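Number of protein chains: 4
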Amino acid sequence: VAVERGARLASRDARAEDTSFTVGTVRIGGGGLVVCAGPCAVESEEQILSVARFLRGVGADLLRGGAYKPRTSPYSFRGLGREGLLLLARAREATGLPVVTEAIDEESLELCEQHADVVQIGARNMQNFALLRRAGRGKLPVFLKRGMSATLDELLLSAEHVLNEGNPRVILCERGIRTFSTHSRYTLDLSVVPAAQEATHLPIFVDPSHATGKSRRVASMALAAAAAGAAGVMLEVHPRPGEAMSDGSQAMAPAAFASLVSELRAIASIRTTATETLR
Amino acid sequence: VAVERGARLASRDARAEDTSFTVGTVRIGGGGLVVCAGPCAVESEEQILSVARFLRGVGADLLRGGAYKPRTSPYSFRGLGREGLLLLARAREATGLPVVTEAIDEESLELCEQHADVVQIGARNMQNFALLRRAGRGKLPVFLKRGMSATLDELLLSAEHVLNEGNPRVILCERGIRTFSTHSRYTLDLSVVPAAQEATHLPIFVDPSHATGKSRRVASMALAAAAAGAAGVMLEVHPRPGEAMSDGSQAMAPAAFASLVSELRAIASIRTTATETLR
Amino acid sequence: VAVERGARLASRDARAEDTSFTVGTVRIGGGGLVVCAGPCAVESEEQILSVARFLRGVGADLLRGGAYKPRTSPYSFRGLGREGLLLLARAREATGLPVVTEAIDEESLELCEQHADVVQIGARNMQNFALLRRAGRGKLPVFLKRGMSATLDELLLSAEHVLNEGNPRVILCERGIRTFSTHSRYTLDLSVVPAAQEATHLPIFVDPSHATGKSRRVASMALAAAAAGAAGVMLEVHPRPGEAMSDGSQAMAPAAFASLVSELRAIASIRTTATETLR
Amino acid sequence: VAVERGARLASRDARAEDTSFTVGTVRIGGGGLVVCAGPCAVESEEQILSVARFLRGVGADLLRGGAYKPRTSPYSFRGLGREGLLLLARAREATGLPVVTEAIDEESLELCEQHADVVQIGARNMQNFALLRRAGRGKLPVFLKRGMSATLDELLLSAEHVLNEGNPRVILCERGIRTFSTHSRYTLDLSVVPAAQEATHLPIFVDPSHATGKSRRVASMALAAAAAGAAGVMLEVHPRPGEAMSDGSQAMAPAAFASLVSELRAIASIRTTATETLR
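Residue numbers (this note's numbering), protein chains in the order written: chain H, 1 to 279; chain B, 280 to 558; chain Z, 559 to 837; chain U, 838 to 1116.
No lab work stands behind these hints: they were computed from the structure. Computed from a prediction, not measured in an experiment: that's the story for all the values here. Be aware that one or more of the hints could be misleading.
[Stated by the list, open to error] Using 25 Å as the maximum straight-line C-alpha spacing, the simulated SDA-like pairs for lysine to any residue come out as follows:
hint: 1; chain 1: Z; residue 1: K772; chain 2: U; residue 2: A851
hint: 2; chain 1: B; residue 1: K493; chain 2: Z; residue 2: T740
hint: 3; chain 1: H; residue 1: K214; chain 2: B; residue 2: A478
hint: 4; chain 1: H; residue 1: K139; chain 2: Z; residue 2: E664
hint: 5; chain 1: B; residue 1: K493; chain 2: H; residue 2: G29
hint: 6; chain 1: B; residue 1: K493; chain 2: H; residue 2: T273
hint: 7; chain 1: H; residue 1: K139; chain 2: H; residue 2: R15
hint: 8; chain 1: Z; residue 1: K772; chain 2: H; residue 2: T151
hint: 9; chain 1: B; residue 1: K493; chain 2: B; residue 2: E477
hint: 10; chain 1: U; residue 1: K1051; chain 2: Z; residue 2: R648
hint: 11; chain 1: Z; residue 1: K772; chain 2: U; residue 2: R852
hint: 12; chain 1: B; residue 1: K493; chain 2: H; residue 2: G30
hint: 13; chain 1: H; residue 1: K214; chain 2: Z; residue 2: T709
hint: 14; chain 1: H; residue 1: K214; chain 2: B; residue 2: T430
hint: 15; chain 1: B; residue 1: K493; chain 2: H; residue 2: D153
hint: 16; chain 1: Z; residue 1: K772; chain 2: U; residue 2: K1051
hint: 17; chain 1: U; residue 1: K976; chain 2: U; residue 2: S857
Okay, chain H solo, but in the shape it has when bound (with noise of 0.2 Å):
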């Protein structure tokens, strides 16, 4: 049966109207503006626990962090698996925040689908056919990032790998891709956010943290992303952005964090009343 008839599962010909679902008790999709955020990687009980309890105090939706780490050399910090998953779940007992987490491979997507309410798929595995399958086989939403050199067509279909299995709650998300560009890490391509909206049913999140950089720089690009009409953002925040054991310095420390998020929340109303003026 692996034929193409008709329109894509994903495209907006196959569903008019936009993929709206909750995770616990946070709507995503359908209009607001959704707000994820955690460290790079958990690294301790008392760092998770008090992450969580200040985002929650903030008014963030949804706690990311990760326990599976996909890294680039053999030699860096992989993440505490396992052990970070139950840590993310003590978490989200103490604050009610739904966790979103990385899969890496076929064992670890098990073990968020036991811990976690949301499984990211990142970047390097957007093409990781077998695991975007097993994922569509799963019964929890999928957080999947666009590759770094991924065409946003490609990007939808990876997710219709997603859906084909039977699974329809896919968050599409921009992280940045791969340019000639030197002054950040990778380029955010906000512009495809409109470009998704036109094209899928399903909503596109922005996360600004690995491409920029820069926590200050983090920001901006936050309420570019709010503004562009994203679904929602997915941020690092660190307790002690300068003893991270990764990826400390594109980490939000708690006081920046938290005026962001006021900030983000007038944008996001602001551009709800330009989306419909748009219409």
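Using the hints, position chains B, Z and U against chain H.
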């Protein structure tokens, strides 16, 4: 004597505070959001006067319009030339809006200096060093667009050619870069806005029209630029986009533009607060 | 023990002399030019046997053919799977040509190890670290293709994942990168060949078929790869390109391929002299 | 009359057979491989005369050398100007080698026309349409380098500006494009050679020096260009690379260049046979 001594003139090291100056009564740099709008090309007196009056009415700050068009193909419409400059000057008389227009060689630059208020050097001429130096010996502010494969550092070095000849009033402008990505004509690199603000005291604008190519996406990216902290936006507006002699699909119609301006102002005011908090 | 100590295993610092090994009777690395050819996908016994016999006759060294195809769309032909591997093994029996074929997950990798001589990890899986480590615990040489947006350093770090698990036999392969350029599907980055030779002792091949997309251009780029000093080329050959089940336009027809092989050999012998002179 | 009628002048549709012409006694286009070499910049009479005599001795065809250098920074060495042109003319007198040199504006173009044999328009000026049209009204062949983010079609449209003014002698040149790849300064896009040969009758050269940046890699890429079927190569040679006033690391020393020329000739003769076979 062509030797680099000390800090480059465009750098924050040479000048810590933001460069700010007025064009007519419009202040550029130093905090507010400047809205520069108009048609891609001046086509007729009726067209440019009606656009200018409309723009004045909805609160735009500067009038843009091309009299000299650098065209990839020798067979495309190259603009009305000197006649176009005279029509722009008439639109300024009628509305008070200062005029921004592009020079493509020394001859057109001299004419621009006689009839316009800001002279634009386009992306394709960003490394036309003879033209840059000539603009540096002139008296008008220079609106310098980033080349489609220029790094931020190369853009700043092109500005340096102008500054080094004695003209301190340069406005930088992001207009999209060449990447593999196919959903838009160019990839608008909004993260260059905070990066430029760290590196230079010169104001940086964003022109989302050419990169994004479709008017609905242009509006989203203009809002994103304002949220990212740009000093201004440059937008294509045409009284009847479907009849434009060039680039009609990316031009905004008057009604959509009027809504956009008020949303831009609202986001700029949130962003101003955000910037103060981030400092 | 996930700590980088001293030189990376793939680097020239860790091993100055070229890595060289045999697959069947074919020596890979250390000077000669290896010609690996065959169809994109194994389609039938008749197809693969006739191609293999032809290749044997014109002096190719290795037989390639896909049994498991990583497909961007879930609706595309995914290959014959295990059946395809058995057909490849039969072609090897008939001709003596060692077989190179792609694994896309742990399951297919195990089957490849049983039936093939070299296991390929494709561009889309270059950072599928679980698969790399699994291949590093296996016994077959690994043919590792550069991801379409991977830097040379990232390619070498992916090789490091294999080496670090105990398998020293890795062949690198350039297959084209993502750029703005539109005249070809990918931009073949031939200058990575001398760059890799400086950085690593591992052999580097070039596959011009997917990047170039048209068989006439494929031949030119194969000759260029040989002149650039590549350790081998991988080429698509199909008995009747117009009837191929995938990627027919880039497959070479037998007659053109036969001429190409003799030109490749001639250039490789000039190149060998050149390399000795350059040292 | 700015209307595209029928086939573009640069296209194969407008002219099926290869454009071929002589510069001095050197035939360009139509089959052979032209070797153009010399220093990045003319520095002194002793330097340019000694290089030219050496090049003559080892069989180079054309002498290159910069008198006017377009420099990214206003503080870099800009060349000897008119004095450099006079030194190049003296080197031609002494050796008979025709001279290729770059013009950067109308003034330098007029001087080049008086003193040189081929006028180069560099990558940064590929879309300086005023300069292109001026060169199209001149009598010298135009050596037109591809911009670092120009598509093949844009390069051909820039050539069209020259042809359309009445000058039919244009040489195209690939010199590397901007990509994410970091192992070289630019990515040499050799596959543009067969692509250009399909699209246009104009000859296409390759300049591997700036892209590759290191002299040892330059030699590999020059050989690859010859194998790809380029009509010529442009190479930087300096009598003492370590003392060059600009770009010394990419300049070849005389001994290495002498070996390279004979290998280039050997590959070109194989390639000629290959082309005939491919037809």
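query: K214 of chain H and A478 of chain B: Cα distance at most 25 Å?
result: Distance of about 14 Å is within 25 Å: holds.
query: For the pair supplied as a hint, K493 of chain B and G29 of chain H, is the alpha-carbon distance within the 25 Å limit?
result: Holds. K493 of chain B to G29 of chain H sits at ~23 Å (cutoff 25 Å).
- prompt: Within a Cα-Cα threshold of 25 Å, do K1051 of chain U and R648 of chain Z meet the stated pairing?
  reply: Judged against 25 Å, a Cα distance of about 47 Å means the pair is violated.
task: Given the hint that K139 of chain H pairs with R15 of chain H, test it: the Cα-Cα distance must not exceed 25 Å.
output: holds, 21 Å
query: Does E664 of chain Z lie within 25 Å of K139 of chain H when you go C-alpha to C-alpha?
result: holds, 23 Å
task: Assess, step by step, whether the Cα of K493 of chain B is no farther than 25 Å from the Cα of G30 of chain H, and give holds or violated.
output: holds, 23 Å
K493 of chain B paired with T273 of chain H [C-alpha distance capped at 25 Å]: Between K493 of chain B and T273 of chain H the Cα gap is close to 20 Å, so the pair holds against 25 Å.
message: Run the distance test for K493 of chain B versus T740 of chain Z: straight-line Cα separation, threshold 25 Å.
response: holds, 21 Å
query: Straight-line Cα separation of K772 of chain Z and K1051 of chain U no greater than 25 Å?
result: violated, 31 Å
query: Are the Cα positions of K772 of chain Z and A851 of chain U separated by 25 Å at most?
result: This hinted pair holds, its Cα atoms lying about 23 Å apart.
- prompt: Holds or violated: K493 of chain B with E477 of chain B, Cα cutoff 25 Å?
  reply: violated, 31 Å
field: Hinted pair K493 of chain B and D153 of chain H, Cα distance within 25 Å
entry: holds, 18 Å
When each numbered hint is compared with the structure, violations occur for hints 9, 10 and 16.
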